[in-house]
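K.L.:
Could you put the whole structure together from the sequences, leaning on the hints where they help?
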Amino acid sequence: MHIGVILFGVILIIIGLLEFVEVKRTVRRIQTEGGKDTSSFIGYALWSAVVVAIFLVITGVTVIVLFH
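Last residue of the sequence shown: number 75 in this note's numbering, and the count goes up by one each step with no gaps.
By construction, these hints were calculated from the structure, which means they are not laboratory data. Each residue gets a CB set at the ideal place from its N, CA and C atoms; glycine is no exception. Misleading hints may appear alongside valid ones.
Derived CB-CB ranges, DEER-like [to be verified]:
#1 I61 x T39: 17 to 27 Å
#2 A52 x L24: 13 to 23 Å
#3 H9 x F62: 21 to 31 Å
#4 I13 x R35: 26 to 36 Å
#5 E29 x I65: 16 to 26 Å
#6 T69 x S46: 32 to 42 Å
#7 F15 x S47: 34 to 44 Å
#8 G41 x I21: 21 to 31 Å
#9 T69 x E29: 15 to 25 Å
#10 V72 x T45: 39 to 49 Å
#11 F62 x R35: 16 to 26 Å
P.N.:
Pasting the structure below:
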């Protein structure tokens, strides 16, 4: 069971890091291609994505540390 818990924690960390990468890509794309047609709510969406990514990484680390 320990290997499954560690694997689950690592998967959560990887998903969180991928979320950070996607936020970074989206911010760069908006900076270069964004215009008047870009939604004014994109900042809130990106902030929410960062919060989710942080939550996933912290949860992954916590799962590994507490249940190892």
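K.L.:
Measuring from beta carbon to beta carbon, are I13 and R35 in 26 to 36 Å?
P.N.:
Given about 33 Å between the Cβ atoms, the range holds.
K.L.:
Please test the hint of 21 to 31 Å on the beta carbon pair from H9 and F62.
P.N.:
23 Å, holds
K.L.:
Look at the Cβ atoms of F15 and S47 and judge whether their distance stays inside 34 to 44 Å.
P.N.:
38 Å, holds
K.L.:
Given the hint of 15 to 25 Å, is the C-beta distance from T69 to E29 inside that range or not?
P.N.:
About 23 Å separates the Cβ atoms of T69 and E29, which means 15 to 25 Å holds.
K.L.:
For I61 and T39, compare the CB-CB distance with the range 17 to 27 Å and indicate the outcome.
P.N.:
Roughly 26 Å apart at Cβ, these two residues keep to the hinted range, so it holds.
K.L.:
Could one say that the CB atoms of T69 and S46 fall in the range 32 to 42 Å?
P.N.:
34 Å, holds
K.L.:
If I claimed the Cβ atoms of F62 and R35 lie 16 to 26 Å apart, would that claim hold in this structure?
P.N.:
23 Å, holds
K.L.:
Taking 21 to 31 Å as the hint, is the beta-carbon distance of G41 and I21 inside that range?
P.N.:
Distance hint for G41, I21 holds at roughly 29 Å.
K.L.:
Quick check: does the Cβ-Cβ distance between E29 and I65 fall within 16 to 26 Å?
P.N.:
18 Å, holds
K.L.:
Do A52 and L24 keep their Cβ atoms within the hinted range of 13 to 23 Å?
P.N.:
Distance hint for A52, L24 holds at roughly 19 Å.
K.L.:
Go ahead and decide if the range 39 to 49 Å is satisfied by the Cβ distance of V72 to T45.
P.N.:
Hint holds: Cβ distance 40 Å, inside 39 to 49 Å.
Comparing the model with each earlier hint shows no violations; every hint is respected.
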